[in-house]
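*Asks:* Letter by letter, the chains look like this.
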Amino acid sequence: MIEAKNVNFYYGDFHALKDISLEIEANSVTAFIGPSGCGKSTFLRLLNRMNDLIAGTRLEGSCLVNGKNIYDKSVDVDVLRKDIGMVFQKPNPFPKSIFENVAYGLKVNRMGNKAEISARVEQSLKDSALWDEVKDKLNKSAYELSGGQQQRLCIARALAVKPSVILMDEPASALDPISTSKIEELIYNLKANYTIVIVTHNMQQAARVSDKTGFFMLGELIEFDETKRMFISPQKKQTQNYITGRFG
Amino acid sequence: MEKAKHNETELKALKEEMSHMWRLVLSQLQKCKQAYLTNDTELAREVISREKRVNTFELKIDSDCENYIALFAPVAVDLRLVLSLMKISGALERIADFAEGIAKHVTIEDFHPITAKLKEDLKIETMFDTVISMLSDSFAALESENTKLSGKILQKDDEVDTLFMEGKEFLAKYVQKESSYSKCVLETLLVLRKLERIGDHCSNTVEEIVFYIDAKVLKHVKSRE
Chain A
1 MIEAKNVNFY YGDFHALKDI SLEIEANSVT AFIGPSGCGK STFLRLLNRM
51 NDLIAGTRLE GSCLVNGKNI YDKSVDVDVL RKDIGMVFQK PNPFPKSIFE
101 NVAYGLKVNR MGNKAEISAR VEQSLKDSAL WDEVKDKLNK SAYELSGGQQ
151 QRLCIARALA VKPSVILMDE PASALDPIST SKIEELIYNL KANYTIVIVT
201 HNMQQAARVS DKTGFFMLGE LIEFDETKRM FISPQKKQTQ NYITGRFG
Chain B
1 MEKAKHNETE LKALKEEMSH MWRLVLSQLQ KCKQAYLTND TELAREVISR
51 EKRVNTFELK IDSDCENYIA LFAPVAVDLR LVLSLMKISG ALERIADFAE
101 GIAKHVTIED FHPITAKLKE DLKIETMFDT VISMLSDSFA ALESENTKLS
151 GKILQKDDEV DTLFMEGKEF LAKYVQKESS YSKCVLETLL VLRKLERIGD
201 HCSNTVEEIV FYIDAKVLKH VKSRE
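From first to last, the protein sequence lines are chains A and B. My numbering numbers the first residue of the first sequence as 1 and each following residue consecutively. My numbering numbers the first residue of the second sequence as 1 and each following residue consecutively.
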């Protein structure tokens, strides 16, 4: 589904990712963990070309999604980002109504008529486990929602355009335990239809939601394995030191 | 870093608690051997009365492990250690139960006709020495975090099993000749059975230590070398 082959990435002279190769299966949840500055978010952002927006960066190697190199010149980045959605650390709804937030991508991409858009908005809100909480106030501002609801709205917005992959960069780090648990439950349920890649500082969250975990340190992918194995018997000393809190 | 230190202090305390329990159970087993071989009822009563202390250790270690899991959410080697300690404390408690059981035999009058010659024929001292060495070697493995000797310790369990089977055969023949000693023979068979079970629990502790240190599961594996 997603395949990175010998990926090296540079911010100017800084070598941020060193020879990363890995494969992510479809309909799975993959978590990336590691200390700040280890390259996990940089790697995540490579997967929908968010790093293209940063001047002075350079990529070597290839990133394939469904067998196609997403850095190929023929790739339309807007189309790519529709297929590979992203949810950020801080909920970032548009200053619009709840309905318009979810409908935005559909309208911009001219995906369907009014009735189809309404149906898709409803389905996306149901898929993001928000529908019951907002169905009676779809025209209210998204800013009236709580932080946890706003984050689920952002997930609904990403789901609306029917992506195959959803990238999540610390999606629950700004949320309370109840909202966090809702997001985790959501991630678990979304796996049936989407491929999810999540970056998190919360190791227990990685352990709870993911099928596979990758541990990054100083730009290297130290270990990439099944989550259960990573958290019971990691093969590398560095992984063990990090997840048991002995790092540094 | 602060959290790591706190975490490590707690783990160290848990391990120390386990060391105390282990030493107590080892001493129970050694005393029970001496009481049995010399028919020392006084020493046997001491073993029986100290059994409660082992139970207290088991409860304390279980509760400390539960707290550690709840408060620190351990993973990897730390998780394996806590899980192992919980199981080891159960195994040690069972070993101490059997030691108490053997001590109780010593205090039973029906048991006294058993002669030193019969004990020798049954190689009961060898059985005692083998399980004691299993228990002390596995303790050393945990203390040094070295599982090199685990294969040898597990082999000793096979030796104990063989001694038990041979002893059982011997007693079957013995009771035919000496039918007036039948009650004593039954008591002796129960002692042999307890020693055989102690060997099994010693094996369990080694398996847990290997799980903790090497992340390998030896349970129910036929060839454990």
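Keep in mind that the hints are not guaranteed to be accurate.
Claimed, not checked - Label pairs and their computed distance ranges (CB to CB): (1) A:D211 with B:L186: 29 to 39 Å; (2) A:L22 with B:T9: 35 to 45 Å; (3) A:R58 with B:A13: 26 to 36 Å; (4) A:K18 with B:V217: 30 to 40 Å; (5) A:Q238 with B:K60: 48 to 58 Å.
Quick caveat, the hints were computed from the structure, so don't treat them as lab data. Heads up, the beta-carbon is just placed ideally off N, CA and C, and yes, glycines get one too.
*Asks:* So, for every hint listed, does it hold in this structure?
*Replies:* Hints versus structure:
1. A:D211 with B:L186: 29 to 39 Å: Once the Cβ atoms are compared, 57 Å apart, the range 29 to 39 Å for L186 of chain B and D211 of chain A is violated.
2. A:L22 with B:T9: 35 to 45 Å: Once the Cβ atoms are compared, 37 Å apart, the range 35 to 45 Å for T9 of chain B and L22 of chain A holds.
3. A:R58 with B:A13: 26 to 36 Å: Because 51 Å falls outside the window, the suggested range is violated.
4. A:K18 with B:V217: 30 to 40 Å: Since K18 of chain A and V217 of chain B have Cβ atoms about 34 Å apart, the given range 30 to 40 Å holds.
5. A:Q238 with B:K60: 48 to 58 Å: Cβ of Q238 of chain A to Cβ of K60 of chain B: about 35 Å, so the range 48 to 58 Å is violated.
Hint compliance for this structure: hints 1, 3 and 5 are broken, all remaining hints hold.
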